[in-house]
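Colleague: Here is what each chain is made of, one letter per residue.
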Amino acid sequence: MSTIFPKWTNQLPTMLLGGALSTLVLVVGCMWYYATPKFWRAGYAPSQPYLSEQMESRLILNARAETRAPEIPGHTFPGFSHQIHAGKLGMDCRYCHSQIENSAEANIPTASTCMGCHADGHVDDVLYAKKSHVQFIRDAWEAGARFNEIEGLKKEGKHEEAEAKAKAYEHDALAVVEGGASIPWRRIHKLPDYVRNFPHNAHINAGVSCYSCHGAIHEMPIVHQVQPLSMSWCLECHANPTPYLVPKDKVTDLKWVRDQLEGNKNGAATKGSDVLGADTLGGVDQLKKLEQKPLHLLPQNCGACHF
Amino acid sequence: MSLDQCHSTVGELAVVKPRSVANDQIGVDGRKYWRGLEDAADAPEFRDWLEKELPTDASRLLESSRRTFLKLMGASVALAGAATLPGCRRPDHKIYPYSKNVPEDVIPGRSIYFATSIALPGGAVEGLLVESHEGRPTKLEGNPLHAGSNGKSSAMAQASILSLYDPDRLKDPRFTGLSKEENEKPRSWQDFSAWSMQHFGTLKDTQGAGLAFIVDKKRSPSRDAMKQRVKAMYPKAMWVAYDPTQSDDVVKGSEIAFGKPMREVLHLDKADVIVSFDRDFLGDDAAMIRNSRGFASKRSPLTTKDGMNRLYMVESSLSLTGAKADHRIAMAPGGIATVAAALASALGVAKSAADRIAGQMAGAAGEMSAETSKFVAELAKDLKAEGRTGKVVVLAGPSQPAAVHALCHSMNAALGAGGNTVHYRAMSEDEASSSVAGLKTIADALNAGKIGTLVCIGVNPAYDAPGDLKFADAMGKAAQRITLAAEPDETIERSTWHLPLAHTLESWGDLESVEGVFSPVQPMIAPLYGAKSELEVLAMICGDDLEKADGYELVRNVWKSRPGFTGANFEKAWRRGLNDGVFATAEKSAQPSVNDGPVAAALGAWTYSPASSDKMDLVFGMGAIGDGRFSNNAWLNELPDPITKVVWDNVALVSENTAKKFGLEQDPETDKKRYTKVIDISVGGQMIKAAPWTIPGIPDNTVVLRFGYGRVNVGLVGEGTGHNVYPISGLVGSSRRFAAGAKIVRATEGERDYQVVTTQHHGSMEGRAIVREVDLLAWQKFGDARDTNLDSYGNQRDLAFAERLGELSHTPVNINAYVNPQRGHKDGGVAKGTQAENGSSSYQYGSKDASGASRPVDFTKGPQWGMSIDLGSCTGCSACTIACQAENNIPVVGKIEVNKGREMHWIRVDRYFAGDSFTGINASSVFFQPVACVHCENAPCETVCPVNATVHGPEGINYMVYNRCIGTRYCANNCPYKVRRFNFFDYGVKKINGAYIGQEAMESVGAGPKNHNLIPPRLRERLDEITKLGMNPNVTIRSRGVMEKCNYCMQRINEARIEIKLKNLPGDREKIPDGFFQVACQQACPSDAITFGDLLDTKTPYPEAGGKTRTGSRAANLAANPRSYMLLGYLNARPRTTHMAGIRNPNPALVSEARQKLIDDPFHHGGHEGGHESEHEHAAEHKGEHAARPANNAFDPAKTITDSGYKLSLAVLGA
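Sequences listed follow chains P and E, in order.
Heads up, the first sequence is in the numbering used here, so the first residue is 151 and it goes up one at a time.
Heads up, the second sequence is in the numbering used here, so the first residue is 43 and it goes up one at a time.
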């Protein structure tokens, strides 16, 4: 009797099973690694602020001409640099994000805040105010006056003139409102809508440094997301916050915190304590107290964030 | 054997009888409790319907067949290409910071509160605090500094925020009367300004001849000043202040009694006896908030020593006030007047005239029955009892003739009420003027061609004028019709100038409340559609240009000359006024004296004409949407009427007898849709259609109608809701609130199918002791005693008063089979009783310590939240429902969906009827019971969730985690309280009935989807971007397929906790002091029936009013009160929300025998017939139960097995 199937087909079920198993493992493995906020979210680094294409290209040209702004591969417009402001100039986070200690939301600076340095006649005109790639701040600042000017022209019935003016001022670049224009920024650190409660104020006041969630912002020309901001990542800290807490006066001192935290991780923490310089900085009491706090103060229950 | 059965009677039920329906309805106190007429009649199909979890339709996707569904899906797939997929890249999410002019005090992410006030239909004014998020008002709350609001607010005030963000609002001024294209063209305010300069300039030369104004009636100094300005400029112009719901009789009555129009300000907190002749002072009343608070302050005795007020009600409808009454008589309006006369006669007021009327009544078909006579005699005795002088009040309602109002003023004077329980304030000219008479003069002038320019501001006479005026037609006779309105309406439709009116939250103004508090109206947001306020438009009409017609300056200029605001004082007083929300409180005016002569004369001129089946009495009132201005407000439309529980409709209420007579009985509520037969009501030559509805407690030959529905030109929401009843109100010879001599006939066959949707039976609780109430005497007698008898297993009970009223006294003591070793205590716990375990969820131990070990949840530490709902105080007004809706972004589902049981309200107010009869002086009662998630410690929902989406928190809150929920709805099935709500559709993203992309294609396939919620969100037209502004940013917007429910306003708790932590308050900085925050329902409740707080806070001293100190939080105190009980306590779910048994205070002399029995033995229970002879015997019976049981008991063997198993389990657990 002739064989219908050749002999090697005897191994087919085994091979299929093996193949199916390894595919499954591969799929699970891929999901494990790739389908996570760590893969998808961390590293998101859009240029800032959000400007219209025309304005952006103009700024790029200007920036290139001045060759001062850093070139970052893949990013055409260098935009706002935290490296310069928070790192090089050493500005405190709270100079711009002024309400983090008071509000759940970390506020984005207003055009007025920018103009504090970037207005003509302030600080060093050449360095801070006259550059063409900070033109958009001045545009935003003057948009109110321009808006009124254009509205005035419209009122007088000079519609063509008004249109020409609007074009010249590149009104489409900014959300013009009465009294000024808002400079739109791209949101990088975004929690899902069903996370209703991430209070910046509570965390800052408890001694969680900006560094813990946002990373070494002061070294980033373009801010990118460092941490996955996933639930397990949140809970990791909530279960055992001690290694992440710093004395309150160091919360925004990113450089100090980075050195300490990295050192801590590498086992080079301040002698005799797993807590950052706790002995010398008077943080011990605070942390001891924290240990005794009832659970709800370090909430790990669903209702702490989801409602 | 049901769980609520008393074990002492097990023997009697040896043979398992088919379940007796009648038994089911009998509450534990032996009274029959029921929720609707079908319930009482207990039709088999009704029972069938009731026993299902949800109506059959609830899980059905479509109205009709599978075929329709496939068609729709096909069309939907075809359209999917049209709505292109978004790119796979992460979308840019933009953040817009402030720019140049950063608002002062605004901290992004934190809400701030501003004070303002709002005028509501019927002359009500409420002081408000507006929660504002970066300039967006999101929630309205009562202003605690405003003497009228006292920090509380009504459902209407709460819901008015939704009208602000209504996408149907008028956007631009329009000018019609030209060509079609020209009519469509949006105009600007400059256009109107230029036009009005010219137009009114000409009118000024003629002193305003041919100019007429119809403005809404309100008490506002700025508006009065503006009126003076208009009058000065156009002396010949007509000016009518118009309120479509106002009864002239109220004003006339005070004119007769005092010689000048006065309005009543009630001080019900000082009243011990309140008599109301059809006055719904807790519901449809301008001072509803104030009255609710005053009334409720004497409705909830916390100790057995506390007294109570007593409310006698004679009424023609079933109102909220009637539902709270201790004695209630249902009577046609004419009859009520005679009872008032009889009372006057018994009190010796206007004796001869009153005697004549009372006699007339006795003569007329014996309506003044012996029972009513007894009622009047006892009532008079009660009013004149010792020490009652000045502590009683007699009130007349708007349905009553002027003579009765005058008579009540007269009685109040005789009883010393004036200046004590009732104060009087003079009415302004506008307030006292007659709306109907004014409108009639204008209609006559219009018809005579004498009016060339008609200005309507904030009124809608084309819709709500009495039918005989034919105002809509008459309007067209004016050449220029200028109408200022917020939303499209009937008057706008007939106008030449359509002007958008600014919302209260967008405009400057001022208001005077009923009690004389002057409050500012200040804008919270720039007009969304560039609308202008009433004052601004009037100023423009008076010749101001656009710049000058500025609301802010207009109001300021008025106040610059008011007392206390003059000279250098002004700026300070003005700013203080804006900050507090109160400019000034009027001085107490001298109380007027009553002129008895005119009162007697008026009464003498009044004649009684009894209602009969061919001469029916009509009574009008306001329902959820007020006078019609909230017709396009979805929240108020979907708010179930407190009494009928009908949504999206106004029904014509008739008594059972009347319904039978005309063959109008409604279909029983079954799986089928519920239809009612449409009737024609005709009176005075006018006819309307109405949907009759039968509820108990309505007098025969009377039809109760509600204003505001049946609008024609209205936005998407209000379209096709109810019937317009205005045409038959306010006709010649009758008032707007009452009409006599009406005829009703059933409409022709074709029109006999009007669908009425109620939430009445949804979530019915099967006749167990859900709602509990006793009479005051029973409370005083038994309130302090506890039941410490042994249960049938020999375990010691410890039941307080209210617990003894229910099943707990008939079920074995709850012993937890499982004692959590980590709990560290066995019997301590929250408030009282044993502390049960908190569900079976693994996430209850979700928190881990540094070593990774689970930390147990401990209910003995930290705040443990709880709520107490006082059924004694609750008036059923439903403000809590709307407050919750506003706070928690709760969607509206529409009439069709409510019919399927898909309503989304997190807190509902259940209404129960009790007793057998709704006639006579011992008429049965109505009860209200707000029910939201009760946050069980042993939550049944938690144990069945397959994905742990509902879990317990360490503070006793039962969490609902939306992002985990996969929509199995097991939790809703297992919830004994039926408080879980499921998002069948993406209700949150669009408005019902909205347009969508591809509508034409869909409609070409079939008739288009009947349910617009079926349109996928991505296809919906983005009509309502604006409505997103009104959402509370601190609460998730739930999507389709997600369960939701009350979460004790967790956002507020968390916010308070962070606040306390950061504030570093002295003392225990982890503890949130009682009263530091309020949950939304508690905050709104006008009668203070809802209390929320930490149940473990039992030691902290809190200062209270009157220099007293309270120990512990209010919630903890109330939870420990003997009046508190747990809903379905015998299930051992251990709810954190406890209810407090209501107390009523009937006159002992009027109490029937049956009721007296209940007073003597309130623990009598009717779960099985016969009850117990006495509590003592009951206990004895329990003790000897096992020995005494006959051997041939069919139940015994099973029982023995249960018993031994039970004992064994106890032994194993070492309990």
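One should not assume that every hint holds.
Not everything, but these chain P residues come out facing chain E in the computed CB check (under 8 Å) [as the list claims (entries may be wrong)]:
| no. | residue |
| --- | --- |
| 1 | Y200 |
| 2 | N257 |
| 3 | P334 |
| 4 | H456 |
It should be emphasised that the hints constitute simulated quantities derived from the structure, not laboratory data.
Owing to the predicted nature of the structure, the values given are computational and were not obtained by experimental measurement.
Glycine included, C-beta positions come from ideal geometry on N, C-alpha and C.
Colleague: Could you run down the list of hints and mark each one as holding or not?
Modeller: Taking the hints in turn, this is what the structure says about them:
| no. | hint | result |
| --- | --- | --- |
| 1 | Y200 | holds, 6 Å |
| 2 | N257 | holds, 4 Å |
| 3 | P334 | holds, 4 Å |
| 4 | H456 | holds, 5 Å |
Violated hints are absent here; each numbered hint is respected by the structure.
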